Structure formats: C-alpha cells, structure tokens
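Visitor: Read off the chains here:
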Amino acid sequence: MTLSETVHLATRTLRRNALRSALTLVGITIGVGAVVTMVAVGNGARASIEDQVVAAGMNVITVVAGNYKMKGEDGGGGVVDHNASLETGKKGSGARPLFVRHPEDDPMEKHDHPTARQRLGDSAAGLGAAATLTRADADAIRQGVSGIQYVSAGVHESARVLYGDRRWFTRLHGGETDLQRIRRSWTFKYGRFFSDREFNNTALVTVLGTVAHEKLFGRETDPTGREVRIWNQPFTVVGVIASTNWATTGAVGDDQFDAVYVPLTTVHRLLNLSKLNSITVTSRSAGETTKVSRAITELLRKRHGIGEAAPDDFVVQTQASLALGKGVSPQVARAITGNAPGLEQLTLEQLSHTLERASRTMTVLLASVAGVSLLVGGIGIMNIMLLSVTERTKEIGLRMALGARSRDVMLQFLTEAVTLSLIGGVIGVLLALAASGGVKQVLRWSAVVSPEAVVLAVVVAAAVGVFFGIYPARQAAQLDPIDALRYE
Amino acid sequence: MALIQIKDLTKTYVVGDQHVHALRKVSLDIKSGEFVTIVGPSGSGKSTFMHILGCLDRPNSGSYILNGRDVSKLSKDELARVRNSTIGFVFQSFNLLPRTSAIENVELPLLYNGNKYTPAERKKKAVAALAAVGLAARGHHHPNQLSGGQQQRVAIARALMSEPPIILADEPTGNLDTRTSIEVMEIFQQLQRDRGITVIVITHEHQIAEYGTRIISFRDGRIVSDLPNSYARLAAEELEQLPVPASEVA
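Going down the list, the sequences are from chains V and D.
All residue numbers for the first sequence refer to my numbering, where the first residue is 1 and numbers rise by one.
All residue numbers for the second sequence refer to my numbering, where the first residue is 1 and numbers rise by one.
Same shape as in the complex, but just chain V (with noise of 0.2 Å):
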C-alpha cells in the first residue's frame, strides 16, 4: 500500500464513523484554533505597540556632523545620552538639535546659502563645525551594520522659496528616497516624494511639508506640477506632506512641516556641495536603536581614521532619547512619570521594551492555555484510537493473516490518528482566522495570524496525532493474529 492509499484507507475509516470522529477532532480544533488565535491577537497587541512606537520615530537614528559637545566636556561616547539632548533642546524652538547646533540657522537671522557652503565645504573651521559626513559614509551604514531599515542622507540649509509674489522663510532638506519611509507619520496631502529617478537626474522637483505648501499656495490648493523658485531657480512641485501623527504637529517653525524636500543629488548640484549635515537611519526595531548606534560610532570612527583617545567628529542620536524633551503624547508622558522611579533613568527605548515584554508575556501565557486544550484534544485522540483498536481487534487479526506485518498495522493506525489531528488542526486554522476576524471587527483589536504560526499549529497538530497515536498504534500492531482473529 502507498501511503497515499493509506491515508485515503484512514480517511475511509474515520468516514465511517463519522460523528465519533467529528467529536474526537473537537478537541485538536479547539486548540489549534485557540493557539492561533491567541498567538494571533498577541502580535497584533505587539505589532500595534511597535507601530506606535516606529510611528513616533523612536526606532530613528540621527547622524550628526561636528560634534559641539566635544571641548573638554565629555568623553565623547557617540551616543548621547538624553539629559545632554534635554540641555542641547533647550535652546531651539522645538526644533531637531541638530539645527539647535547651528546658529546661522535661525531663521530670524539674516544670512544666506554662503555661509553653509562654507560649513559644508572642505576646509573645517574647528572640530565644532567638522564637515566630516560623505554620502560614503551613509553607504557604508546601509551595506555594512545590520538592524538597518533605511538610510538618508541630508543636507539641511534654509531657503526663500517663492511662488509668485508669495515668499516664505524656510528650512530645506536635501534627502534620498528613502526619507519619505523613515518618516512614518507623514502622509501625502497631494502628489508624491521625488522619485529615484529625480534623485538620481538631479531633478529640479520639491515637496513642499503644509506650513510651506498653505504659506505659498494656501491651505486648498493643488499645487503639484506648479513652479516654485528656490534660489533663482525653478523647481517644479511633486507633492505636499501632511502630518498622521498625534506626536508632530504642523505649526510655523516645525522642522519636518515647516520645510521642502530637495533631493539631496540637487542640493550637492546647485551648491557645489560634497558634505553631508546628517545621515538618518531607522533601526528595524526600536529595541535595537542603542546597537545600532553604537555599531554605527564604531563604523564611522573606524572610517574617519579616529584614533582611540580622540572624540568623535560626529555625534550619533537616537530619536528615543531626544523624544522626553519634545512633546509626546499625553499618555505616554503619563506612563514615564507615573511607573518611572527616576525619569532621568528611563528612555521610551526602556519604555517600548517592557511594552514589548508585556505583550510577550501575555502572548506565551495565552498559548499555553491554549496547548493545554491542545492536550486534552490529544488524550481525546489516544482514547478514541485504543478504543478503536480494541473494537476492531478481529480486523486488525484477519489483516494480519492476510499478510500485513507489524508495521502495516502499526502505520495503518497511526495514519488514522495523524489524519484525525490534522483535519482537527486545519479546521482549528479556518476558525482562527474567522475568529481573529471577528476580533478585528467587533472589537477593533489588531491581530495578526502570521503563516508561521499556521504552519507551527498543523505541525504541531501532526505532532499531537503522532504523539498520541503511537501508543494505540503499538498496541494494534504486537496483537498475536491467532488470538485477535478468535477475539468476540
């Protein structure tokens, strides 16, 4: 017999009693059902954290060129740790420090592109205004540190930017394609980001953030396809961002919505530019930002020629450790000051990880439960299959003397048990999804059935019918023929 002649023999035979086999397989469809759906709902709950989480940019990395702390101050240990971002954010107006570093940023300040192409040219004016960063460095990071997302070079600079008669003061970012995926609350009000193409043609295009875009053009405008005029020269509007998130709000002054979008090919063109102000990174978890800054100093160091006593000409932070400083959302600020014994010894990186950990926790708590009934439903399986064997010792008695062998036997019954948690397990699989669904629908929680944990659940019911039909299998296949055939 083939084994798919055996399995169809099973299949026939579990058919035959039908309702015995329908309740025996119950209780392996339960416990699937209950596994994956448990599992299901427990990522969501993780998956719903982290989102916040990378929504909020705590899983972003700033990369910094200079480095203004340097002077005798601190060792210099890359990471900054978020009391040093606390004083550095004091001084802006809410803005990323990184521009906090730089006076002739203000925007109330007269100055032009000049002095910045001087600060981003080759010659440094001191260790504070190291112009250290190249577009190499950020590719090393891409290719050579995991844990990365995305990678973004900048060049930050400020810019007139005009639209008939209408001027407006603002930042501009030189950036790659990748900056739009790095900023996880930004939508598109209208068009697009510039594209990989643009990028790499040096293409006169901006995307305008909504200060920008309603100063222009006002707030009900298209304005894609339009032409703006940044230093005398005419980019052409791709698309306007908007914020999502409750964390970033648009307001005169913002760094990401006060601002326009320039690829950083374009701005390195127009300024005769090689420097970098920044590189952003995102980490692919937020649980990872603190590795993936310190492998990120010790590529840089190792890139720069920095030896072992001397600072850093860079300073790497993360998101995590600036966001206390910015205004995050309430509840969270509620949940730092409320379970922190001191606030200046928990990061959000610390915050997101004990999230991270409780809904772990709960996920394995709930699938244990869950293996429990998986259990049951398996001594379920081993008594309905010893019991089939004692009924059916006559059969088992005549196919002998028909000239099965032991093992005939033996994989004839373990089949039955094996199809009977399979079917139980694949039935357990639909009922999860429509039950996590259901979860969805009526009560707006996130959950995730992911394949592994279908493909883990029918493994795992194959396992159970193994496990509990082997011994059934066994008692079947050492029956003696003489005595089975004569067995009433």
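Simulated from the structure, these hints should not be mistaken for laboratory data.
A quick note: this is a predicted structure, and the numbers were derived from the prediction, not measured.
Take these hints with a grain of salt, some might be off.
Facing chain D, according to a computed beta carbon distance under 8 Å, are these residues of chain V, among others [said to hold, decoys possible]:
no., residue
1, Glu5
2, Arg16
3, Ala18
4, Glu308
5, Leu398
6, Arg399
7, Met400
8, Ala401
9, Arg405
10, Pro481
11, Leu485
Backbone N, C-alpha and C define an ideal beta-carbon position, used for all residues, glycine too.
With chain V fixed as given, assemble chain D onto it according to the hints.
Guide: For chain D alone, coordinates are given in the frame of chain V:
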C-alpha cells in the same frame, strides 16, 4: 517433492503452571493438488496444527518445509509475507470487514503484497475473483447485505486473490446450512480439480471430511489415522440431486 513436509512437529502451551502438549511429534507430507481434510474433536490439536500449517504460529520443535522453504523458524514479518503469497485462508465466521463492500474485502490481500498492483488492477482482479465464485453482481454489497453462503464465497474469492498454491479452510461450513455447505465444498473441489490448488479443510464434521481425497484424524495431539479416500463425495453431483431452493427460482 511434496508441497508440505512436516517432521516431528511439537507445540506446547503453558497455561498457568501446566504444560499443554497440543502437538506431539507430528509428521506429515502433503503433495501439491491434494484435497486433504483434517478431522478431530476439539482439543485434539487440529487447530494448533492448522495455525502452524497456516504460518500464523511457530512450532517449538520440528521442521516445516513449505514449498521447499523451511518456515518453522522465520520471523513474524517473514511469516506474514509467506502467508500473503502462499496461503489463502477461509474461516468459519467468514471474517469479512463490516461496512466494507465485497470488492474491497476481496482486495485486502493485495494491499499487503508490496504494491505489485495498482488500485485499478486490484479492483479488476477483485471483480474477476467475485465472478469466479458466482457473485459478479454483488461487488458493491456490504457483508450484512449478503447471505451466509454468499459471505463465505466472498471469503473464498479473497483467499484466491494472491493466487496461492494452498487454500486453508478452518471449519468453512460451520456456520452454514447443508445446501450452502455443499455449495462451498463444490467450489473447493472445483478449485482443486480445475486449478490444481491444494485444499486443506479442517472440520469436525465427518460428512464434510468425506469430500476430501485424503482424511487425516487427530486425537490428543497426534495423527491417529491418515487414509486416502477413494470414494470422495462429489459436491457437484449432490447439488444436482437437491431440490432448487425457492429463493433461487426467482
């Protein structure tokens, strides 16, 4: 050379602290194409003998050469193979699988012969075997839809499936009335006559034993008589004399 050569076969069971000598040095040769009947009261050892003959059990001592091969010391799995290829069993209680069609019942031995036939070939052979015992129209009937005689004929068709040289029948007429008993014996005689199959029938009824061309009597674990029967009853002739039962007129 004889198909079956048995020499000094002994079999002892231990029941509690008692040794039961079921077979005491039994020796016997059976040639290919014989129709042997084995008689004896219960406890005579004929069942034990049949189990060893059918390779369902192994003797304590002595040798059993079946078809030129000593099978007295084979492992359980090897015995299963020998049973499958050499011996067709017919039982007193038919031993058909319930809620299973006649065709599927007949196919059973071919499930265990190492995938020699495809499912389609198996089915074809089963249909042919059922036709050979006069049940061509009953292939899809389940055992509970068949009479006792029909069930036993399904069992005989099953015994013929792997084309064994030997048919071993244990009280094949024990559950049948006189007429169907004769019908079954007629099939055996026909198989022996037309196909040269060696038929061994174990029975405690002397009338049934008289269909054989050789009658062997057991008592107390020994063969007490082993006689050729030159006046064997002929089932086919007897059937002609019997009135046709009402159930088959229609």
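Visitor: Each hint: holds or not?
Guide: For each hint, the structure was consulted:
1. For the restraint placing Glu5 of chain V at the interface with chain D, the shortest Cβ-Cβ distance is roughly 7 Å, inside the 8 Å limit, so the hint holds.
2. Because the closest C-beta pair between Arg16 of chain V and chain D is about 5 Å apart, less than 8 Å, the hint holds.
3. Restraint check, Ala18 of chain V versus chain D: the minimum CB separation of about 12 Å is more than 8 Å; hint violated.
4. Here the hint on Glu308 of chain V is broken, as its CB sits about 73 Å from the closest CB of chain D, past 8 Å.
5. Against a cut-off of 8 Å between C-beta atoms, the interface hint on Leu398 of chain V holds, since the closest Cβ of chain D lies about 5 Å away.
6. Given the 8 Å rule on beta carbons, the hint for Arg399 of chain V holds: about 7 Å separates it from the nearest Cβ of chain D.
7. With a least beta-carbon distance of about 7 Å to chain D, the hint placing Met400 of chain V at the interface is held under the 8 Å criterion.
8. Hint on Ala401 of chain V holds. Least Cβ distance to chain D is approximately 5 Å, under the 8 Å limit.
9. Hint on Arg405 of chain V holds. Least Cβ distance to chain D is approximately 5 Å, under the 8 Å limit.
10. Using the Cβ-Cβ criterion of 8 Å, the hint placing Pro481 of chain V at the interface with chain D is satisfied: the shortest such distance is roughly 5 Å.
11. For Leu485 of chain V, the suggested interface contact is upheld, since its CB lies about 7 Å from the closest CB of chain D, less than 8 Å.
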